[in-house]
Amino acid sequence: MRPQDHSKRRLTVSGWPVQVVSYKLDATYYCTVDNVSPGAWISRAQGETREEAESQALEKAAEYLSRTRTFSAA
Amino acid sequence: MSTGIQTKEDVLVSTAWVEEHLNDTDVRIVEVDVDTRAYDESHVPGAVGWAWNSQLCDTIRRDIAPKDKFEELLSSSGVDNATTIVLYGDNNNWFAAWALWQLKIYGHEDVKLMNGGRKKWIEEGRPLAKDVPKPSRKSYRAKSPDFSIRAYLPDVQDAVNKASAELVDVRSPQEFSGEILAPAGLPETCQRGGHMPGARNIPWAKACNDDGTFKTSDELRKLYGDQGITGNKPVIAYCRIGERSSHTWFVLKYLLEIRNVRNYDGSWTEWGNLVGAPVERGEAKR
Numbered sequence: 260m261r262p263q264d265h266s267k268r269r270l271t272v273s274g275w276p277v278q279v280v281s282y283k284l285d286a287t288y289y290c291t292v293d294n295v296s297p298g299a300w301i302s303r304a305q306g307e308t309r310e311e312a313e314s315q316a317l318e319k320a321a322e323y324l325s326r327t328r329t330f331s332a333a
Numbered sequence: 002m003s004t005g006i007q008t009k010e011d012v013l014v015s016t017a018w019v020e021e022h023l024n025d026t027d028v029r030i031v032e033v034d035v036d037t038r039a040y041d042e043s044h045v046p047g048a049v050g051w052a053w054n055s056q057l058c059d060t061i062r063r064d065i066a067p068k069d070k071f072e073e074l075l076s077s078s079g080v081d082n083a084t085t086i087v088l089y090g091d092n093n094n095w096f097a098a099w100a101l102w103q104l105k106i107y108g109h110e111d112v113k114l115m116n117g118g119r120k121k122w123i124e125e126g127r128p129l130a131k132d133v134p135k136p137s138r139k140s141y142r143a144k145s146p147d148f149s150i151r152a153y154l155p156d157v158q159d160a161v162n163k164a165s166a167e168l169v170d171v172r173s174p175q176e177f178s179g180e181i182l183a184p185a186g187l188p189e190t191c192q193r194g195g196h197m198p199g200a201r202n203i204p205w206a207k208a209c210n211d212d213g214t215f216k217t218s219d220e221l222r223k224l225y226g227d228q229g230i231t232g233n234k235p236v237i238a239y240c241r242i243g244e245r246s247s248h249t250w251f252v253l254k255y256l257l258e259i260r261n262v263r264n265y266d267g268s269w270t271e272w273g274n275l276v277g278a279p280v281e282r283g284e285a286k287r
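Here the protein sequences come in this chain order: A and B.
Sequential numbering from 260 applies to the first sequence in the numbering used here.
Sequential numbering from 2 applies to the second sequence in the numbering used here.
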């Protein structure tokens with residue numbers, strides 16, 4: 260089997276830039292969300308449609324990203 | 002005649018090369034991911050999966066995999082000392098590079114990274130499988146560990162206090178400056194943010210193109226050379242837990258052929274939790 264319908268886009272979630280990647284494999288869509296810099300994987304989900312997979316992955320990503328604390332770098 | 006020095010051609014293969022060698026019995030393809038569930042989702046046909054957080058480490062104390070455990074992992078993966086191992090993984094091969102670094106510590110001769118990793122393989126629409134292969138067991142004997150490619154805390158302290166080595170911090174600028182304690186969305190694993198005094202900030206991703214492949218040697222030489230990393234002095238790379246710095250170690254060691262380069266796998270989770278360790282905050286000074 261081969262991945263199909265590959266999609267990659269950037270969004271801002273909870274104030275952080277993220278990259279959303281999804282593709283179809285057999286009858287399932289898979290989605291991963293990473294944090295662009297440094298490019299670390301944050302969340303993963305799958306669903307029968309791209310929308311389902313992406314919404315679940317983005318929901319989890321939003322939760323994790325909202326916990327990120329920032330400090331003064333001075 | 003072999004010079005004993007490995008170069009880019011020895012340690013890097015393309016996705017096309019891997020697809021051509023899927024049924025090559027002399028080649029064992031291994032996926033090593035940050036997110037260990039990625040392998041279960043799908044993988045390169047015939048590839049075995051190694052988990053960095055259980056199989057490529059000592060699960061009791063913080064350390065790389067002990068020699069006997071490493072031998073068992075390779076033997077059960079159908080690898081012997083003559084096998085060509087091709088590693089790939091998610092996050093542009095972060096933990097694949099970590100595995101390669103450990104394989105070099107234990108003296109495996111023929112190990113390569115798949116340029117671009119899992120991301121490029123999927124973007125190119127190459128074949129995937131879900132079934133887990135059951136390779137015939139082989140007998141693997143690791144060599145005595147070569148820790149000349151590993152930096153320990155005293156080495157890094159010497160680099161900070163005596164400028165005995167160039168320090169390359171490969172984390173994001175926000176981690177380097179101390180604005181965040183861990184990459185956004187990931188758990189905090191240190192008590193203090195910032196960087197080691199004197200370290201240069203050259204994020205790992207600057208060595209890659211958008212498709213995850215490595216930049217050309219000329220581009221890499223300029224990237225690191227502009228920051229004073231030329232190989233004239235020993236180099237130590239660090240990040241948070243040592244996997245991103247394995248990626249940079251690979252670049253410096255094999256793509257730029259810098260002889261004296263080490264990976265500090267203690268990285269910021271060691272230094273940033275160390276009582277009394279000097280820490281600088283703010284942007285890079287150079």
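Some hints could be false.
What the hints assert, rightly or not - Calculated pairs, DSS-like style, for lysine-lysine (alpha carbon to alpha carbon, straight line, at most 25 Å): (1) B:Lys223 / A:Lys267; (2) B:Lys9 / A:Lys267; (3) B:Lys131 / B:Lys68; (4) A:Lys283 / B:Lys68; (5) A:Lys267 / A:Lys283; (6) B:Lys9 / B:Lys70; (7) B:Lys163 / B:Lys139; (8) B:Lys286 / B:Lys9; (9) A:Lys283 / B:Lys139; (10) A:Lys267 / B:Lys163; (11) B:Lys9 / B:Lys223; (12) B:Lys207 / A:Lys267; (13) B:Lys9 / B:Lys121; (14) B:Lys9 / B:Lys163.
Unchecked claim - Chain B stretches covered by chain A per the calculated footprint, using a threshold of three residues with CB under 8 Å from any CB of chain A: (15) 104-112; (16) 218-226; (17) 249-261.
The hints are simulated quantities; they were obtained by calculation from the structure and are not laboratory data.
Quick caveat: nothing in here was measured; it's all calculated off a predicted structure.
Where a beta carbon is used, it is the ideal one built from N, C-alpha and C, also for glycine.
Results for each hint:
For the given pair, B:Lys223 sits about 29 Å from A:Lys267 by alpha-carbon distance, which is inconsistent with the 25 Å threshold. The straight-line distance between the Cα atoms of B:Lys9 and A:Lys267 is roughly 29 Å, outside the 25 Å bound, and the hint therefore fails. Taking the CA atoms of B:Lys131 and B:Lys68, the gap is near 30 Å; set against the 25 Å cutoff, the hint is violated. In summary, the hint linking A:Lys283 to B:Lys68 is not supported, as the alpha carbons are separated by about 40 Å, beyond the 25 Å threshold.
Restraint check for A:Lys267 and A:Lys283: the C-alpha separation of about 13 Å stays at or below 25 Å, so the hint holds. The hinted pair formed by B:Lys9 and B:Lys70 fails the criterion: a straight-line CA distance of about 29 Å is larger than 25 Å. Pair hint B:Lys163 plus B:Lys139 does not hold up; C-alpha atoms about 46 Å apart against a cutoff of 25 Å. Proposed proximity of B:Lys286 and B:Lys9 is contradicted: the alpha carbons are some 32 Å apart, above 25 Å.
Pair hint A:Lys283 plus B:Lys139 does not hold up; C-alpha atoms about 36 Å apart against a cutoff of 25 Å. The suggested pairing of A:Lys267 with B:Lys163 is violated, with an alpha-carbon distance near 46 Å, which exceeds 25 Å. Only pairs whose Cα atoms come within 25 Å are accepted, and B:Lys9 paired with B:Lys223 is accepted, the gap being roughly 17 Å. Simply put, B:Lys207 and A:Lys267 have alpha-carbon atoms about 20 Å apart, close enough for the 25 Å limit, and the pair holds.
At most 25 Å may separate the alpha-carbon atoms for a hinted pair to count; B:Lys9 and B:Lys121 meet this at roughly 19 Å. A distance of roughly 32 Å separates the Cα atoms of B:Lys9 and B:Lys163; the hinted pair therefore is violated under the 25 Å criterion. Figure legend: the region 104-112 of chain B, annotated as covered by chain A; annotation inconsistent (0 residues with Cβ-Cβ distances under 8 Å, at least 3 required). Taking a C-beta to C-beta cut-off of 8 Å, the region 218-226 of chain B contributes 0 residues in contact with chain A, too few for the three needed, and the coverage statement is violated.
By the rule of at least three residues with a Cβ nearer than 8 Å to a Cβ of chain A, the coverage given for the region 249-261 of chain B is violated, with 0 such residues.
The structure does not agree with the numbered hints 1, 2, 3, 4, 6, 7, 8, 9, 10, 14, 15, 16, 17 stated previously, though it agrees with the rest.
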